[in-house]
Structure formats: C-alpha cells, structure tokens
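Undergrad: The task is simple: from the sequences and hints, build the whole structure.
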Amino acid sequence: METKYRFVIKHKETQKYFADTPDFSTRKLFEAKRFYDELHYNLWLATSPYAVDRDDYEFIQIEQTIQEVTPHE
Numbered sequence: 001m002e003t004k005y006r007f008v009i010k011h012k013e014t015q016k017y018f019a020d021t022p023d024f025s026t027r028k029l030f031e032a033k034r035f036y037d038e039l040h041y042n043l044w045l046a047t048s049p050y051a052v053d054r055d056d057y058e059f060i061q062i063e064q065t066i067q068e069v070t071p072h073e
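In terms of the working numbering, the sequence shown has 60 at position 60, counting the first letter as 1, and numbering is strictly consecutive.
Be aware that one or more of the hints could be misleading.
To be verified - No more than 20 Å apart at the CA atoms, straight line, and that leaves these computed lysine to any residue pairs for SDA-like: (1) Lys-4 <-> Gln-67; (2) Lys-10 <-> Asp-53; (3) Lys-28 <-> Pro-71; (4) Lys-28 <-> Val-52.
No lab work stands behind these hints, which were simulated from the structure alone. Predicted, not measured: the structure shown is a model, and the values here were computed from it.
TA: Encoded structure:
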C-alpha cells in the first residue's frame, strides 16, 4: 500500500471543494482539484483563469492511499 499527501481547497461558506468540473465545486473529495504543495497552489492562483479568491477558501491537506487488489479465487 502506498500513501501520498496532497492539498485541496475547500470553500469556507459552502464546505465544497474546488474541482475541475463544469460548476467548479463538488462535495466529493475524489473530484477535488489537488495540489502538490503550497508553491503549486500559488502558481495556479497566479496563472489560472479559474483561480479563486484566496480569502474564500481554506487550504487543507488530504491523504491518498492506493493498494493492489487481489482477485478472489
């Protein structure tokens, strides 16, 4: 099993995550836009036409875990 740590941004008022979906928000953590670190987030804020107002969002860490599934015999 492997674990990685990433960051997402969560809207303070609605508690929805910013996402690369047509409405730009989701309640599903799997659909949230992920950032590697705060530098990656700051670069995105500086260059993306879809950047958000930093004061409306909180920058939170998430944990992603993945493992191989063995078939049932």
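Undergrad: Please name the hints from earlier in the document that this structure breaks, with their numbers sorted from lowest to highest.
TA: Failing hint: just 3.
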